[in-house]
Amino acid sequence: QVAAPVPQPLRRHSQTTLSLVPQNEEKRSLSLGGHVGFDSLPDQLVSKSVTQGFCFNILCVGETGIGKSTLMNTLFNTTFENEEASHYQNGVYLRPRTYDLQESNVHLKLTIVDTVGFGDQINKDESYKPIVDYIDTQFENYLQEELKIKRSLFNYHDTRIHICLYFIAPTGHSLKSLDLVTMKKLDSKVNIIPIIAKADTISKSELHKFKIKIMSELVSNGVQIYQFPTDDEAVAEINSSMNAHLPFAVVGSVEEVKVGNKMVRARQYPWGVVQVENESHCDFVKLREMLIRINMEDLREQTHARHYELYRRCKLEEMGFKDTDPDSQPFSLQETYEAKRKEFLTDLQRKEEEMRQMFVNKVKETEAELKEKERELHEKFEQLKRMHQEEKRKVEEKRRDLEEEMNGFNRKKLAAETLSLSQPLKKDKDKKK
Amino acid sequence: MTTNMRYKSRIIKTEDSEDKQYVGFATLPNQVHRKSVKKGFDFTLMVAGESGLGKSTLVNSLFLTDLYKDRKLLNAEERISQTVEITKHTVDIEEKGVKLKLTIVDTPGFGDAVNNNECWKPITDYIDQQFEQYFRDESGLNRKNILDNRVHCCLYFIPPFGHGLRPVDVEFMKALHERVNIIALIAKADCLTPNETKKLKDRVRDEIERFGIKVYQFPECDSDEDEEFKQMDKELKECTPFAVIGSNTVVEARGQRVRGRLYPWGIVEVENQSHCDFVKLRNMLIRSHMHDLKDVTCDVHYENYRAHCIQQMTSKLAQDNRMDSSIPILPLPTPDAETERLIKMKDEELKRMQEMLEKMQQQMHEKDQ
Numbered sequence: 001q002v003a004a005p006v007p008q009p010l011r012r013h014s015q016t017t018l019s020l021v022p023q024n025e026e027k028r029s030l031s032l033g034g035h036v037g038f039d040s041l042p043d044q045l046v047s048k049s050v051t052q053g054f055c056f057n058i059l060c061v062g063e064t065g066i067g068k069s070t071l072m073n074t075l076f077n078t079t080f081e082n083e084e085a086s087h088y089q090n091g092v093y094l095r096p097r098t099y100d101l102q103e104s105n106v107h108l109k110l111t112i113v114d115t116v117g118f119g120d121q122i123n124k125d126e127s128y129k130p131i132v133d134y135i136d137t138q139f140e141n142y143l144q145e146e147l148k149i150k151r152s153l154f155n156y157h158d159t160r161i162h163i164c165l166y167f168i169a170p171t172g173h174s175l176k177s178l179d180l181v182t183m184k185k186l187d188s189k190v191n192i193i194p195i196i197a198k199a200d201t202i203s204k205s206e207l208h209k210f211k212i213k214i215m216s217e218l219v220s221n222g223v224q225i226y227q228f229p230t231d232d233e234a235v236a237e238i239n240s241s242m243n244a245h246l247p248f249a250v251v252g253s254v255e256e257v258k259v260g261n262k263m264v265r266a267r268q269y270p271w272g273v274v275q276v277e278n279e280s281h282c283d284f285v286k287l288r289e290m291l292i293r294i295n296m297e298d299l300r301e302q303t304h305a306r307h308y309e310l311y312r313r314c315k316l317e318e319m320g321f322k323d324t325d326p327d328s329q330p331f332s333l334q335e336t337y338e339a340k341r342k343e344f345l346t347d348l349q350r351k352e353e354e355m356r357q358m359f360v361n362k363v364k365e366t367e368a369e370l371k372e373k374e375r376e377l378h379e380k381f382e383q384l385k386r387m388h389q390e391e392k393r394k395v396e397e398k399r400r401d402l403e404e405e406m407n408g409f410n411r412k413k414l415a416a417e418t419l420s421l422s423q424p425l426k427k428d429k430d431k432k433k
Numbered sequence: 434m435t436t437n438m439r440y441k442s443r444i445i446k447t448e449d450s451e452d453k454q455y456v457g458f459a460t461l462p463n464q465v466h467r468k469s470v471k472k473g474f475d476f477t478l479m480v481a482g483e484s485g486l487g488k489s490t491l492v493n494s495l496f497l498t499d500l501y502k503d504r505k506l507l508n509a510e511e512r513i514s515q516t517v518e519i520t521k522h523t524v525d526i527e528e529k530g531v532k533l534k535l536t537i538v539d540t541p542g543f544g545d546a547v548n549n550n551e552c553w554k555p556i557t558d559y560i561d562q563q564f565e566q567y568f569r570d571e572s573g574l575n576r577k578n579i580l581d582n583r584v585h586c587c588l589y590f591i592p593p594f595g596h597g598l599r600p601v602d603v604e605f606m607k608a609l610h611e612r613v614n615i616i617a618l619i620a621k622a623d624c625l626t627p628n629e630t631k632k633l634k635d636r637v638r639d640e641i642e643r644f645g646i647k648v649y650q651f652p653e654c655d656s657d658e659d660e661e662f663k664q665m666d667k668e669l670k671e672c673t674p675f676a677v678i679g680s681n682t683v684v685e686a687r688g689q690r691v692r693g694r695l696y697p698w699g700i701v702e703v704e705n706q707s708h709c710d711f712v713k714l715r716n717m718l719i720r721s722h723m724h725d726l727k728d729v730t731c732d733v734h735y736e737n738y739r740a741h742c743i744q745q746m747t748s749k750l751a752q753d754n755r756m757d758s759s760i761p762i763l764p765l766p767t768p769d770a771e772t773e774r775l776i777k778m779k780d781e782e783l784k785r786m787q788e789m790l791e792k793m794q795q796q797m798h799e800k801d802q
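Chains as they are written, first to last, in my numbering: chain F, 1 to 433; chain A, 434 to 802.
These are calculated hints, taken from the structure and not from any lab test.
Predicted, not measured: the structure shown is a model, and the values here were computed from it.
Among the hints, erroneous ones may be present.
Said to hold, decoys possible - DSBU-like, lysine-lysine: derived pairs with alpha carbons at most 30 Å apart:
#1 213(F) to 521(A)
#2 505(A) to 184(F)
#3 472(A) to 727(A)
#4 713(A) to 204(F)
Said to hold, decoys possible - Beta-carbon label-pair distances, calculated as ranges:
#5 184(F) to 557(A): 50 to 56 Å
#6 627(A) to 147(F): 53 to 59 Å
#7 184(F) to 721(A): 47 to 53 Å
#8 531(A) to 224(F): 33 to 39 Å
#9 301(F) to 627(A): 31 to 37 Å
#10 724(A) to 277(F): 47 to 53 Å
As the list claims (entries may be wrong) - Listing some non-contacts, in silico: residues in chain F with all C-beta distances to chain A over 12 Å:
#11 54
#12 106
#13 199
#14 204
#15 263
#16 308
#17 382
#18 388
#19 417
The beta-carbon is built from N, C-alpha and C at its ideal position, and this holds for glycine as well.
Let's have the full structure, built from the sequences with the hints guiding it.
Listed below in structure tokens is the structure:
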């Protein structure tokens with residue numbers, strides 16, 4: 001028997017807009033008459049992703065010296081290079097390091113981000129900011145890549161944080177105030193798994209009380225931590241039992257101690273040996289199971305589907321995009337883009353106009369000013385001319401006066417001279433007589 | 434600072450009393466012993482450090498009593514902007530006829546808030562207040578019943594989770610090292626392997642020196658002490674800061690009932706010297722150096738405070754252009770304007786009277802001649 005080709009109902013397109021919402025289709029389930037072979041689809045997917053390689057990014061948040069690097073070394077059974085951090089940093093800064101790991105034929109590009117200087121400052125009000133900024137930046141980078149016209153998402157090195165391991169100090173009482181504040185700021189941006197570090201300093205009964213106290217504080221303050229998924233029945237049971245063991249009390253060590261007749265990773269004390277992989281000693285094995293062996297892929301999915309989507313939505317809303325316009329009709333992104341562009345162009349034009357107006361006004365003003373100046377100059381010139389005339393006239397007058405005086409004087413002189421000439425004759429005449 | 438006279442118990446030998454040269458003042462130590470037992474002792478101990486480092490457990494372990502019965506611990510949320518409080522617990526304990534009035538000063542809230550700027554201020558203020566109160570009492574007229582509330586020793590708990598001292602540790606110790614004897618302890622030492630303990634101790638000692646923090650120094654041994662004591666003293670000094678573990682629960686270990694912590698991988702015994710330095714701390718604090726701590730507090734820290742206080746007062750008075758009066762200035766630390774005025778008036782009166790007296794004396798003298 002040959003299976004008949006499955007007839008597909010025609011999809012109806014709307015005449016005006018290309019709707020992105022699929023119309024109601026009638027789906028029919030058919031049974032197969034033989035082996036077709038599409039059950040190999042998951043395998044194809046797997047082989048594709050194996051060739052592509054996987055990418056995983058871990059953020060470790062915790063006080064200096066709490067054991068973040070040691071735990072990473074223990075988890076991945078290798079030694080990532082690391083210098084011991086100092087307690088005297090001025091602020092918190094994030095240090096990402098990327099490594100290429102390989103196990104059987106699976107390649108993993110692992111990025112470990114360390115928070116250097118966390119918890120050391122006397123004033124820790126701003127300690128959470130660099131962490132939030134870093135997470136947002138990775139989201140932003142991905143968003144930019146997504147929005148590019150020519151994009152290559154399959155090639156893109158995804159640096160978004162998939163998991164934040166929050167290291168809680170083993171005080172035995174409760175969370176520290178800094179822990180609460182920081183986790184509250186991070187819970188909507190990243191998957192958080194809280195762990196109790198250096199757990200070999202807490203006895204079993206104290207640990208039980210401590211875990212309950214921590215979880216109740218997280219719940220009462222509304223902090224959302226990552227829950228291992230229980231919808232996939234293959235892993236539902238183990239995941240839900242692990243959820244009850246949170247936060248994991250871990251001990252890390254890269255040193256090996258001989259126990260029995262084999263070498264195990266452990267910490268040797270005068271009173272006993274704490275074995276890292278012994279489940280009655282600590283929850284390291286649980287953490288490794290959950291984090292790496294079972295839920296790594298789910299963590300990546302959650303990061304993309306929940307945290308990144310939230311970031312993207314907030315960002316785009318900020319930029320003014322909406323999914324539905326005031327009439328509650330679905331908006332397509334394209335239309336929004338067009339509208340935005342038009343808006344932008346009109347804005348640009350308006351600004352240009354304004355500038356031109358301003359320029360013209362300025363020119364007019366300057367012209368007016370110049371005219372004014374010219375007029376003033378003219379006036380001044382006139383004034384000066386008048387003054388000059390005035391002066392000239394005065395000088396002329398004076399000259400005339402002077403001339404008159406001179407003439408007068410000359411006449412007088414002449415008269416005097418003639419008088420004196422005639423006078424002495426008269427006298428002589430008188431004398432002679 | 435006066436050297437500590439080490440009291441050695443000496444049983445009076447009967448031969449001595451038969452010796453004609455024997456005067457008998459060799460019994461003085463015994464007399465001192467007897468009197469002090471009758472008078473009783475008092476000691477004020479301050480514990481400081483972040484929450485959750487085991488301070489209360491350690492204090493209970495040290496004095497084998499339960500001082501913190503109804504303690505209420507705050508939630509993380511409540512501690513975000515918590516201020517530092519000072520609480521006092523006083524107990525009277527007795528051992529072999531010797532009474533001790535022990536006061537534990539606790540500092541809940543230290544280092545717990547998100548912003549810990551100057552979180553040590555309430556603590557330094559408290560210590561200064563006790564000094565001031567003692568100063569006033571000492572300068573008062575009736576000195577019969579002076580209550581000594583001065584803090585004799587401060588145990589500072591350093592978290593073992595880091596790589597050494599943190600900024601808040603350094604600032605705290607620097608604010609306090611000239612007011613009180615500081616003994617630095619590494620808390621919850623059961624999270625450190627012997628190697629790690631050694632590394633951390635070296636680190637902390639280095640940093641204490643580097644930052645110029647003056648922690649309590651053990652007095653030098655007298656040269657006539659026996660070898661065993663000298664050796665013990667040397668070991669003690671090389672062991673600081675002490676890495677301590679505290680516990681109030683009794684567990685069964687190696688067939689004995691001891692105080693310890695029960696883990697799946699073993700039992701930590703508090704009094705086992707190879708497990709932690711608790712015994713050293715107890716011996717040092719209670720059995721050998723308790724009195725020395727009191728002495729250093731009285732002779733060094735208190736005197737510093739007093740000298741500083743008086744200096745401040747006299748420089749302030751000099752600024753006020755006070756006349757030199759022949760009456761010695763009473764060291765009353767009251768900068769009350771009213772009182773100052775009254776004092777000035779009285780001074781002037783006295784001076785006038787003195788002058789009159791002198792005049793009269795002169796007159797009499799002249800009359801005599």
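Verification of the hints:
1. For the hint pairing residue 213(F) with residue 521(A), the CA-to-CA distance comes to about 27 Å; that is within 30 Å, so the pair holds.
2. Between the alpha carbons of residue 505(A) and residue 184(F) the distance comes to roughly 25 Å, so the proposed pair stays at or under 30 Å and holds.
3. Under the criterion of a C-alpha separation no larger than 30 Å, the hint pairing residue 472(A) with residue 727(A) is consistent with the structure, at around 16 Å.
4. For a cut-off of 30 Å, the pair hint linking residue 713(A) to residue 204(F) stands: about 28 Å separates their Cα positions.
5. At about 33 Å, the CB distance of residue 184(F) to residue 557(A) disagrees with the hint of 50 to 56 Å.
6. Against the hinted window of 53 to 59 Å, the Cβ-Cβ separation of residue 627(A) and residue 147(F) comes to about 57 Å, which satisfies the hint.
7. At about 50 Å, the beta-carbon gap between residue 184(F) and residue 721(A) stays in the expected band of 47 to 53 Å.
8. As the Cβ distance of residue 531(A) to residue 224(F) is approximately 58 Å, the hint placing it in 33 to 39 Å is violated.
9. The hinted window of 31 to 37 Å between residue 301(F) and residue 627(A) is violated, with their beta carbons roughly 45 Å apart.
10. Look at residue 724(A) against residue 277(F): about 52 Å separates their beta carbons, and that is inside 47 to 53 Å.
11. No Cβ of chain A comes within 12 Å of the Cβ of residue 54(F); the nearest lies about 33 Å off, and the non-interface call holds.
12. No Cβ of chain A approaches the Cβ of residue 106(F) within 12 Å, the least distance being about 34 Å, so the stated non-interface status holds.
13. With a cut of 12 Å on Cβ distances, residue 199(F) falls inside the contact zone with chain A, its closest approach being about 9 Å.
14. A Cβ of chain A approaches the Cβ of residue 204(F) within 12 Å, the least distance being about 7 Å, so the stated non-interface status is violated.
15. With a cut of 12 Å on Cβ distances, residue 263(F) stays outside the contact zone with chain A, its closest approach being about 17 Å.
16. Distance check on residue 308(F): its Cβ is at least 29 Å (rounded) from any Cβ of chain A, clearing the 12 Å threshold; non-interface status holds.
17. Residue-level check passed: residue 382(F) sits 75 Å from the nearest beta carbon of chain A, beyond 12 Å.
18. With a closest Cβ-Cβ approach of about 76 Å to chain A, residue 388(F) is found to remain outside the 12 Å limit, as its non-interface label requires.
19. With a closest Cβ-Cβ approach of about 101 Å to chain A, residue 417(F) is found to remain outside the 12 Å limit, as its non-interface label requires.
Violation of the numbered hints given earlier is confined to hints 5, 8, 9, 13, 14; the remaining hints are satisfied by the structure.
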